[in-house]
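**Student:** Which chain is which? The protein sequence lines are A and B, in order. Each step along the first sequence adds one to the number in the UniProt record's numbering, with nothing skipped, and position 503 is 503. Each step along the second sequence adds one to the number in the UniProt record's numbering, with nothing skipped, and position 320 is 320.
Do not take every clue at face value.
Below 30 Å or equal to it, Euclidean Cα-Cα: the simulated DSS-like pairs (lysine-lysine) are [as the list claims (entries may be wrong)]:
#1 A:K485 / B:K183
#2 A:K462 / A:K415
#3 A:K282 / B:K183
#4 A:K232 / A:K466
#5 B:K355 / B:K384
#6 A:K489 / B:K489
#7 B:K205 / A:K466
Quick list of the computed label-pair ranges, beta carbon to beta carbon [said to hold, decoys possible]:
#8 B:R470 / A:K162: 33 to 41 Å
#9 B:N30 / A:L456: 54 to 62 Å
#10 A:A124 / B:Y3: 35 to 43 Å
#11 A:L215 / B:G25: 21 to 29 Å
#12 B:Q449 / A:Y54: 50 to 58 Å
#13 A:A413 / B:R470: 15 to 23 Å
Derived from the structure by calculation, the hints contain no laboratory data. Ideal placement from N, C-alpha and C gives every residue a C-beta, glycine not left out.
Chain by chain, the residues:
Protein chains: 2
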Amino acid sequence: LDYQHVQVPFEITLWIMLASLAKIGFHLYNKLPSVVPESCLLIFVGLIMGGIIYGLNDKSPPVMDSDIFFLYLLPPIVLDAGYFMPSRPFFENIGTILLYAVVGTIWNVFGIGFSLYGICQVKAFRLQDVSLLHNLLFGSLIAAVDPVAVLAVFEEIHVNEKLHILVFGESLLNDAVTVVLYKLFRSFCEMSTIKSVDIFVGVGKFFVVGLGGVLVGLTFGLTAAFTTRFTKDIRVIEPLFVFLYSYLSYLTAEMFHLSGIVAIIACAMGMKRYVEANISLKSHTTVKYFMKMWSSVSDTLIFIFLGVSTIGENHEWNWPYICFTVVFCLIWRALGVLVLTFFVNRFHVNTITSKDQFIIAYGGLRGAICFSLVFLLPDFHRKKLFIAATTVVILFTVFVQGMTIRPLVDLLAVKRERESAPTVGEQIHIRFLDHLLAGIEDISGHWGQYYWKDKLEYFNSKYLQKILLREYDQPKSSIVLLYEKLERKHAIELAEAGQLGHAPSHPSLLRSGFLCSNNNRTAITDKKLEDTLNPDVLENIQQILARNLYRIRRTGPAYNRHTLPGEAEPVEHAEEILILRHKSL
Amino acid sequence: LDYQHVQVPFEITLWIMLASLAKIGFHLYNKLPSVVPESCLLIFVGLIMGGIIYGLNDKSPPVMDSDIFFLYLLPPIVLDAGYFMPSRPFFENIGTILLYAVVGTIWNVFGIGFSLYGICQVKAFRLQDVSLLHNLLFGSLIAAVDPVAVLAVFEEIHVNEKLHILVFGESLLNDAVTVVLYKLFRSFCEMSTIKSVDIFVGVGKFFVVGLGGVLVGLTFGLTAAFTTRFTKDIRVIEPLFVFLYSYLSYLTAEMFHLSGIVAIIACAMGMKRYVEANISLKSHTTVKYFMKMWSSVSDTLIFIFLGVSTIGENHEWNWPYICFTVVFCLIWRALGVLVLTFFVNRFHVNTITSKDQFIIAYGGLRGAICFSLVFLLPDFHRKKLFIAATTVVILFTVFVQGMTIRPLVDLLAVKRERESAPTVGEQIHIRFLDHLLAGIEDISGHWGQYYWKDKLEYFNSKYLQKILLREYDQPKSSIVLLYEKLERKHAIELAEAGQLGHAPSHPSLLRSGFLCSNNNRTAITDKKLEDTLNPDVLENIQQILARNLYRIRRTGPAYNRHTLPGEAEPVEHAEEILILRHKSL
């Protein structure tokens, strides 16, 4: 037996296996995940495992390594979040999200820090040795809402898209603020005197960390898009580039002390539309599937490790401090949301209702990021108290808030997510309105979001697409792409139902006819509406219709390492087409 | 700048990126890969990079770590090979493959070992200090044909399926022999006296290492199949199990000093048919795609590292020894193939032609496995000579043989691989013949391969399928599955051509009608033929036809971490069906 030799990969594989099997286990009993969020169940599994390890070895089980968390477990989840981020609601609410993420987080940090310092002054609690700076440092790590925890809970309760993006977007973008404040207070703790210059430098750093992250991310994202222009002959490695470039953007940002989370999100959002157009359909399925799979596994591991790490002797149980931390976390978040939303609502027509405000405040879950940060603290005599307080806050938010938020959403009758994707008709009207508003903004001289969006779209089609897309002479309108996607999906369903060729269903005929005429109409409407719009839309549709009878079934060579069966490009067989045409006429 | 912190993942990502970009680079110029095999180009890139590193640092570039090779780079390639192994030709030729892999390898090891020992006796060469045991040890690592190198060259030349499986199967299965002989001679080198018992133990080990590997692999493979029975509600982690279980089988086998390569192949071949039936179509695409991607990257990295590691000061250039090694490798392989094929041809109707024999002998490429094994040798004063000889043999076989084998195949007019996959008609006839032969063998009392195959199939449908498949009450015949696959592919092509619903093409009507009637006919033929055959085939077809009009288009919720859009199960809408039926009548 030679265990040493294979230990590292063997144990990693076993942990992932355990996590996956736990997941299957929960889903075998359908009732369980519908009541308790998966994150709670996973932490519970972790607690049991930690208990077993503690009981057997009689020493604390290993704590989740912060390096492993930040370098290997967090990036897949953030990449998945960024890649599948619904960009429209995100950019429509970007102002509100940034306000919550930046001002809200600073508010929470200072609120929690100062009030805990106040608690420390009460002699009965025996906490006078905890300085203001240490309290602020603790505040900076405990204030940040955790994207992993938020995602795990919110994707199960299906609230409306705006509410979801407000909480989720905040949890992602507050990373920049958390990183800056945490590092600032940590360096202040180690300094003997603090000059006012240092504070100004700290404020300046916000912009460097955040905008630097965006810049790094976009650079890598556009490079990724450019690279996929050249993968036509070697389709199997296409998915790799999506993962490699996003991971590199994260690592590069971390290397320069910028926000890695912001970088990977910018990278994913920047590359998405170009990569999707360049890579093959199968590559794209693989990218999507693997991202989901990876993030799902990471997320599972994080919660299990969180449970395991909770058990042990790392804690100092000073109950007043711990209880007040929980209370202040709740109060300051609620206050912050109320105050900020008051200002937001004054400048928006589409206001945030009080029900939504409650869910935003209540959805401020803490998670593994706080946990990893508290272990990264420099050693000082009260570190174990901070670890205990962080653990309790995380368990409280994940268990109590996480488990009650679904009943509360039901009780308050919060507006839910719409069941189905927007129809082509709706999409057309949304686009129509976008163009109209961009025109109005242009005429009235008000440079609002529609104006900038339109300018960006112009820049994109004029320059970026030509560089980044393989077939840049024929860029496809999103509606044409949607049409193609729907048709393909429909075809597969038809084939699975055995309907193909036997008897074309009337609805499909009607529907596709409807889609087609809609597309044509859009193209014409769009064309008339504004000259910034792509005039190739119509041409595209014509091309799709023209390719009508040109493709016939063809099988590739039996097997090969670099290609999958059925990937070969179809060739045009003139004769076959003529026969087909003849028969259909 | 904090490079230390991200160094490990950053450098790994950069290496993979370099490898992928190099691959894209070759494929940009279509002419290059058609003349020079990719493996040669990659080694060349590696040589250049090694030269640059050597020139800049003035010390030898890092050598490929044997642990990294065996634990991380080799498994993906072998998994891919095992999973996509065409099982029919493999099992039809299993006897011949095993003969080449076991007897052929032993023949080569002793042949090369003893003749090199002869060379060492020539005083002019100054090699008298290399003992017989060391020569045999060297023979054991240089004799084994390398699956990675063989695959890289053979998949580009497209020889016929039987020839391919003979060379490739041999290269995979000789791992067990190589492992045993290598470890045996290595322990003999460290022993003072060798008893005859030790030699018998060594012979016994062959069976333990090989059969043990098969057992470990099958155990994990069937467990994997069993696990995927329960993943219906959590489709995104399905692909993970395929990778996790196969990797675990490899690691477990390595841990017990069994053949990891044999284990992972047994695992992949054992799980394939059950996993494919259990997991969703998208999961399966992801599994296939990711396997190809992973093996492609591993393979690229191996050849680049091979190039990089060649540069440096690890070599002792004793030219007589090196040249004779190359010559003996060629001669003993050629002799071995000739002698073994003579015996094989006496017992087979379908003989191996002399052209095929030449390609089998000439296709015995050496690669990274030899290279890693030679670095794992215990330190002794002639190790650098062995490293030099191994490097030269690898470069000679990959460059000279690899580059000339394609012209030789053309020149000799070796029978090529058939272009297209077998049609449904052919498949039916093959199955018909299988049943017939199984019956004949049963009656005549000759227990040949058809008899055993039939028994295995009976055992499979009677017991294994019920345990391992989710819908075990309706196991699908391979022909029904093929039919479904073809229909789905056809549907996608139709949709892409825009033909769907507008005008169903006549050929598709004809073809699917033909397929259907064929299926029915087969089912009846099969049913009449033997009662061991599945009586559900007919039922299956009826089900497919019955589902005809039942499925309608339906969209899932907008986004979720654990599911991909469009995964939801379609529901039966009674009203819609009635309307559809009414209209079609």
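**Student:** Are the hints correct? Go through all of them and say.
**Tutor:** Each hint, compared with the structure:
Restraint check for A:K485 and B:K183: the C-alpha separation of about 56 Å exceeds 30 Å, so the hint is violated. Between the alpha carbons of A:K462 and A:K415 the distance comes to roughly 40 Å, so the proposed pair goes past 30 Å and is violated. The hinted pair formed by A:K282 and B:K183 fails the criterion: a straight-line CA distance of about 44 Å is larger than 30 Å. Restraint check for A:K232 and A:K466: satisfied, since their Cα atoms lie roughly 17 Å apart, inside the 30 Å limit.
Straight-line distance between C-alpha atoms of B:K355 and B:K384 comes to about 38 Å, which puts the hinted pair past the 30 Å bound. In summary, the hint linking A:K489 to B:K489 is supported, as the alpha carbons are separated by about 12 Å, within the 30 Å threshold. With a C-alpha separation of about 63 Å, the suggested pair B:K205 and A:K466 falls outside the 30 Å cut-off, and the hint is violated. For the pair B:R470 and A:K162, the beta carbons lie near 39 Å from each other, so the given range of 33 to 41 Å is met.
Distance hint for B:N30 and A:L456: a CB-CB separation of about 37 Å, inconsistent with the stated range 54 to 62 Å. In this structure, A:A124 and B:Y3 break the distance hint of 35 to 43 Å, their C-beta atoms being roughly 49 Å apart. For A:L215 and B:G25, the hinted distance range of 21 to 29 Å is satisfied, since their beta carbons lie about 28 Å from each other. A beta carbon spacing of about 56 Å between B:Q449 and A:Y54 agrees with the range 50 to 58 Å that was offered as a hint.
Remark: the range hint 15 to 23 Å for A:A413 to B:R470 is contradicted by a beta-carbon distance near 38 Å.
Hints 1, 2, 3, 5, 7, 9, 10 and 13, counting from the list given before, are not met by this structure.
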